[in-house]
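Protein chains in written order, with my numbering: chain A, 1 to 105; chain B, 1001 to 1368; chain C, 2001 to 2170; chain D, 3001 to 3199.
Mixed in with the good hints, there may be bad ones.
On the chain A side, residues computed to face chain C include the following (Cβ under 8 Å) [claimed, not checked]: (1) L34; (2) M35; (3) I37; (4) I40; (5) L63; (6) L66; (7) A76; (8) I82; (9) I98; (10) V99.
If you are wondering where the hints come from, they were derived from the structure by calculation, not from laboratory data.
Yeah, the Cβ is synthetic: ideal placement off N, Cα and C, and Gly gets one too.
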Amino acid sequence: MEQIPLEHILILSAVLFSLGILAVITKRHAVVVLMGIELIFNAANLNLVAFSRHDSSLLQGQLFSLFVIIVVAAEAAVALAIVLRVYQHFKTAYLNQIVGDEHKS
Amino acid sequence: MALLAFVLTLMLMLLLVIVVVYAERKVAAFMQDRLGPTEAGPEGTLQPMLDVLKLLQKEDIIPTAADKKLFAIAPILIFAAVFAGFAVVPLSPTLVPAGIGIGVFYLLAIISLDVIGLLMAGWGSNNKYAMLGAMRSVAQIVSYEIPAGLAILAVVMVCQSLDFQEISYQQGVLMNQFLGLERESNWLFGIEALGINTTYIGGVTTWNIFRVPIMFVAFIIYFIASLAECNRAPFDIPEAESELVAGFHVEYSGFRFAVFFLAEYAMMVLVCLVAVILFLGSWNTALPNLGPLRLADWTTGTIGSWTAILWGGFWLISKTLVLLFVQLWARWTYPRLRVDQLMYLCWKVLTPIALGVVLLAGIWRLLM
Amino acid sequence: MLFYIFALLAILSAAYLVLTRNLLYAGFSLLVTLLSVAGIYVLLFADFVAVVQLMVYVGGVLVLILFGIMLSSRVHDKSVLSESVNKGWGISIALLLLVGLVYSIGQTSFNTLPWLQGNADDVLGLQKSTVQSIGIKLMTDFVLPFEVASLLLLIALMGAAYIATDKPKV
Amino acid sequence: MEVVKYKHGFWDVVKSLVSGARLTWQHLLSAKNRRRPSHVAAEDYFKQPDGMATLKYPYEAIPVPDNGRYRLHNEIEDCIVCDLCAKICPVNCITIESVKATEDIGVTSDGTKKRLYAPVFDIDMAKCCYCGLCTTVCPTDCLTMTPVYDFSEVNIKNMIYHFSDLSPEQAQEKQLLFEKQQEEMAAAKAAALAARKKA
Chain A
1 MEQIPLEHIL ILSAVLFSLG ILAVITKRHA VVVLMGIELI FNAANLNLVA
51 FSRHDSSLLQ GQLFSLFVII VVAAEAAVAL AIVLRVYQHF KTAYLNQIVG
101 DEHKS
Chain B
1001 MALLAFVLTL MLMLLLVIVV VYAERKVAAF MQDRLGPTEA GPEGTLQPML
1051 DVLKLLQKED IIPTAADKKL FAIAPILIFA AVFAGFAVVP LSPTLVPAGI
1101 GIGVFYLLAI ISLDVIGLLM AGWGSNNKYA MLGAMRSVAQ IVSYEIPAGL
1151 AILAVVMVCQ SLDFQEISYQ QGVLMNQFLG LERESNWLFG IEALGINTTY
1201 IGGVTTWNIF RVPIMFVAFI IYFIASLAEC NRAPFDIPEA ESELVAGFHV
1251 EYSGFRFAVF FLAEYAMMVL VCLVAVILFL GSWNTALPNL GPLRLADWTT
1301 GTIGSWTAIL WGGFWLISKT LVLLFVQLWA RWTYPRLRVD QLMYLCWKVL
1351 TPIALGVVLL AGIWRLLM
Chain C
2001 MLFYIFALLA ILSAAYLVLT RNLLYAGFSL LVTLLSVAGI YVLLFADFVA
2051 VVQLMVYVGG VLVLILFGIM LSSRVHDKSV LSESVNKGWG ISIALLLLVG
2101 LVYSIGQTSF NTLPWLQGNA DDVLGLQKST VQSIGIKLMT DFVLPFEVAS
2151 LLLLIALMGA AYIATDKPKV
Chain D
3001 MEVVKYKHGF WDVVKSLVSG ARLTWQHLLS AKNRRRPSHV AAEDYFKQPD
3051 GMATLKYPYE AIPVPDNGRY RLHNEIEDCI VCDLCAKICP VNCITIESVK
3101 ATEDIGVTSD GTKKRLYAPV FDIDMAKCCY CGLCTTVCPT DCLTMTPVYD
3151 FSEVNIKNMI YHFSDLSPEQ AQEKQLLFEK QQEEMAAAKA AALAARKKA
């Protein structure tokens, strides 16, 4: 198996990262924003694993990406619980439609 | 080589599925004092093939209100998930389609793709029964992955490996022929202090449920959880015919339904294969060496020759069929659980016991 | 070769995630992205991370996300279609970021970095998988983050359960 | 009302699971026995408690009792076309048309004289309610219920059984004969009347 050039992996992760940013900025549904964040996490993980290949004795990159995945799991659980709560309260999951009671006309 | 493994695995899976579909009907019939299929072929043996043929001829109906893309992809995804699980199952001492070092973990992970397919099917059908069935099914599968995973974890702790093939080798007379296990030895009940070396006795004495008796509890937990994972009775509330008509595949017909059907039975076969490999000695013989009576050696064959492959396949598949029979037996004996009973069983009974088993397995490992 | 297929799949599905207005389709295209990233992990000799990715992301996070969508919308309903806003700003910021990142990646010569001199082929060594060394690392050098992570998961579990339960109205 | 008390202990659950499994296992084991297709009057009819209860129907069947009331059959040779069966039929499934015979057409097997032809004697078994009234009123016992019960048809028209032994042409011929005789008789009558008037 030929070696994958490091630059290509980094470019891939840069593309994923900017797509994630794009999703976070342009989308208005809370869950889609969450998906954008997942994309960003994945881009970061990809970098970590790619560099970890050059660190065979320590595997620090892989270990770090494992911790990232753990944090993502925790984050997703809490975030979705919040989204459901918000939906129950405001009857919408669109971030721009969430208005506090005092602002309602 | 990869293609050969693919075809071989597919053939094995289809063969076992056909046997199980036929057995299901016959066993159900016999337990209910009926005859079962008798007309197609001798004693109705061609019935499953003809069923599939019938399904393939039927009209492929896609409801107008359905989400057509998801509706079309879902069966393929579910089948792919189950079939990908078969890739790491060792069939005999030298025959394994894809022997990867973390096979057990991979299998647990790839099965979870199934869940996504179920959600797709349920949502894509745009039918409340399908949606309810999919939701129930996903909740059930995700919950029961925990006791099943803990039971498997107990095995992994005892065997110190995530490789199916290494776990298989540990449970038989061929143990020392595996790379990395040359110096290991099995002790009766896994307790070295007893001083009875069973490495060359083999047979039942080196199966995981026997060499570490606490594994028997883990096996029971895994078996119950696996019934729930493949939506089998008594845990078939996702498909409850009487209340949900059929759950997530209500809207499916023809070819797509055949794929669902196949995937469901393949899932049954897969969980039984995993149970056999992890707990019941994998492809190892059931007969121990008793003094000059070298029953284990005779029924194992020599590695590298056809005898080993044939004996290995024979033992693996016959043990799997026995477990599959138990699944059918349970289906036609026990009534369906309610949702609250299902969750009670998972979270308040199986999970705590499984946690205890993991702890005990860790302690047991220290004795080995 | 395999890497480029996976990379293309990942980028295409991520782009589809951004472009599509259907929330469900976005979720399922995220599935494809996650799967292809897992494939890339395998190619980078990180089999354990790849399977963890499958297990946690596909089996856990994605299911949660899909549940989140399905519990807050209906089929063929406006609520499953989400409109995009801030398109101009979003695209320009993302493009700027992308160009900047790609430019800096292009400018860096990774081959001369001293901490990248390790042999990239010899990750596995004699072992069949990285799981053994990861396990040893987790129990020695990384035992504190490991324990903290378990604590974090416990807190997240309790917090999520608390937030999501219906409180009795007093 | 007495409240059923369920036992909830762990071992009670295990015990009930095992007893259930044993029950189905015993049924599975007894599946080597099969019910024989014995007659209802046979000695062992009620003494076959276990084993598979299904019969492979087209190949084996429980014999019909002697008094079984199934498909109707009319022995047209013995029928005197009295129309009693059609009259008593509660669902009107019997259609009979009759033509008077011009000459003597024989006797039935019990000696009754036959005076009528039956160009149409149809029984629609799809309508029949199997009450058997027609067989009781039949004076010559030619209409009977047979033990044949398996006579399903693809086309419902085939459920109408035709018992007439006359072809349409023959029926027409008889009808013409009868009409001719009637005419002759009428002519003879008229002649006789005219002769009487003349006289």
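Hint check, A:A76 versus chain C [nearest Cβ-Cβ separation less than 8 Å]
holds, 4 Å
Would the hint on A:I82 be counted as holding, given a Cβ-Cβ threshold of 8 Å to chain C?
It holds, given that the least Cβ distance between A:I82 and chain C is near 6 Å, below 8 Å.
With a cut-off of 8 Å, does the beta carbon of A:I40 approach a beta carbon of chain C closely enough for the hint to hold?
violated, 11 Å
Given A:M35 as an interface hint, is its Cβ closer than 8 Å to any Cβ of chain C?
Because about 5 Å separates A:M35 from the closest Cβ in chain C, which is inside the 8 Å limit, the hint holds.
Evaluation of the interface hint that places A:I37 against chain C, nearest CB under 8 Å
violated, 10 Å
Supplied contact hint for A:L66, tested at 8 Å Cβ to chain C:
holds, 6 Å
Interface hint outcome for A:L63 [beta carbon to chain C under 8 Å]
holds, 6 Å
A:I98 was flagged as interface toward chain C. Is the shortest Cβ-Cβ separation under 8 Å?
Violated, about 12 Å.
Less than 8 Å between beta-carbons is the criterion; does A:V99 satisfy it with respect to chain C?
violated, 16 Å
Cut-off 8 Å, beta-carbon criterion: hint that A:L34 touches chain C
Where the cut-off is 8 Å and the nearest Cβ of chain C is about 7 Å from A:L34, the hint holds.
Of the numbered hints listed earlier, those contradicted by the structure are 3, 4, 9, 10.
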